[in-house]
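Q: One line per chain: the protein sequences are A and B, in this order. What the first sequence shows, in the working numbering, is residues 1 to 66, in sequence order. What the second sequence shows, in the working numbering, is residues 67 to 263, in sequence order.
Everything labelled a hint here was simulated from the structure, so no lab data went into it. Backbone N, C-alpha and C define an ideal beta-carbon position, used for all residues, glycine too. One or more of the hints may lead you astray.
[As the list claims (entries may be wrong)] Calculated from the model, a selection of chain B residues having no Cβ within reach of chain A, i.e. all distances over 12 Å:
1) E86
2) F117
3) D169
4) L180
5) E187
6) I203
7) K209
8) R223
[What the hints assert, rightly or not] Here are some chain B residues pointing at chain A (derived, C-beta under 10 Å):
9) D78
10) F79
11) L108
12) F110
13) Q135
14) L138
15) N139
16) L140
17) S143
18) F144
19) F181
20) R183
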Amino acid sequence: MYFIILSVFLFGALAIIYHLQAYQFNRRIAMFTTLLFIAGFLIVLAVNVVSAIKVDWSSFPIVIIS
Amino acid sequence: MRNKGYQHKYIDFSFKGKREEEEIILMLRRHWLILLMEFIPLGFFLICLLFIDIIGPFVLELFPFQMSQSLLNLGESFLYMFFWFLVFIVWIDYYLDVWIVTDQRIVNIEQKGLFRREISELEHSKIQDVTTEIHGIIATLLKFGYVYVQTAGERSRFVFKQVPNPVLVRTLIMKLQKQVIKKEKIMEGKILRGKFS
Chain A
1 MYFIILSVFL
11 FGALAIIYHL
21 QAYQFNRRIA
31 MFTTLLFIAG
41 FLIVLAVNVV
51 SAIKVDWSSF
61 PIVIIS
Chain B
67 MRNKGYQHKY
77 IDFSFKGKRE
87 EEEIILMLRR
97 HWLILLMEFI
107 PLGFFLICLL
117 FIDIIGPFVL
127 ELFPFQMSQS
137 LLNLGESFLY
147 MFFWFLVFIV
157 WIDYYLDVWI
167 VTDQRIVNIE
177 QKGLFRREIS
187 ELEHSKIQDV
197 TTEIHGIIAT
207 LLKFGYVYVQ
217 TAGERSRFVF
227 KQVPNPVLVR
237 TLIMKLQKQV
247 IKKEKIMEGK
257 ILRGKFS
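This is chain A alone, in the form it adopts within the complex (with noise of 0.2 Å):
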């Protein structure tokens, strides 16, 4: 399930990307708005791994975990 809803988001992100460097029209504001995105993503995509490694996952049911 986790991986599922973290894959959702990285297609999103790769979506993000690929709007913001297909269609640009200066170079130089594309590759700062672009960097800034995946600045910002990988850093919530850290918290948000950290986090799931500290949730005890066996102590849901199965159906949850897969």
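Place chain B on chain A using the hints.
A: Same frame as chain A, but now just chain B:
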């Protein structure tokens, strides 16, 4: 036509479909107030997330929930990720909606959501009339509004929505249109003289 002031400002800018000899005169987006209005609900969402961040641990202590602190943090991080995505989706929706006035035509690029994009263009020679509309107190004070370009083409009206300084935009488009028509008439004259001389 020499538009050195504008040309200098947009010299690093380009768009898909730009012709080689084409000069970008103006790139317009909606007024910054429109973007701010779209960010306000996101601001409230962020405040709610911060509120959950502060209150969450106390709620966990007070009530016999089986949810651990780390699970709460996990849920919150997903919400922060969602917030970050929303910010950029709003930004993309604003930034990729653009009206580009070049020395040859007007190009309208409208991003509708993430996976839908509409592009239309209008040659200056096809412009019949340009009118502006500024509606409301805030729009009047901040000087933004609509510019309607009446055309002779298939699409009868081109609309610049909520752009800053619509009166100046109108003046510029009319000036460019007159210059294009004058150029075409000069070319026609040359062709005719060449034919009959």
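Q: Taking the hints in turn, state whether each one holds.
A: Results for each hint:
1. E86: Holds: least Cβ distance 17 Å, greater than 12 Å.
2. F117: holds, 18 Å
3. D169: Holds, because the least Cβ-Cβ distance between D169/B and chain A comes to about 17 Å, which exceeds 12 Å.
4. L180: Per Cβ check, L180/B is inside 12 Å of chain A; nearest 6 Å; violated.
5. E187: holds, 15 Å
6. I203: The assertion about I203/B holds, with a minimum of 32 Å to chain A.
7. K209: For K209/B, whose nearest Cβ neighbour in chain A is about 24 Å away, the distance exceeds 12 Å, so it holds.
8. R223: holds, 25 Å
9. D78: The hint holds - D78/B has a Cβ within 10 Å of chain A, the shortest such distance being about 6 Å.
10. F79: For F79/B, the interface hint holds, since the closest Cβ of chain A sits about 5 Å away, which is under 10 Å.
11. L108: violated, 13 Å
12. F110: violated, 19 Å
13. Q135: At about 8 Å, which falls below the 10 Å cut-off, the nearest Cβ of chain A leaves the hint on Q135/B intact, so it holds.
14. L138: holds, 9 Å
15. N139: holds, 4 Å
16. L140: holds, 4 Å
17. S143: holds, 4 Å
18. F144: holds, 7 Å
19. F181: holds, 8 Å
20. R183: holds, 7 Å
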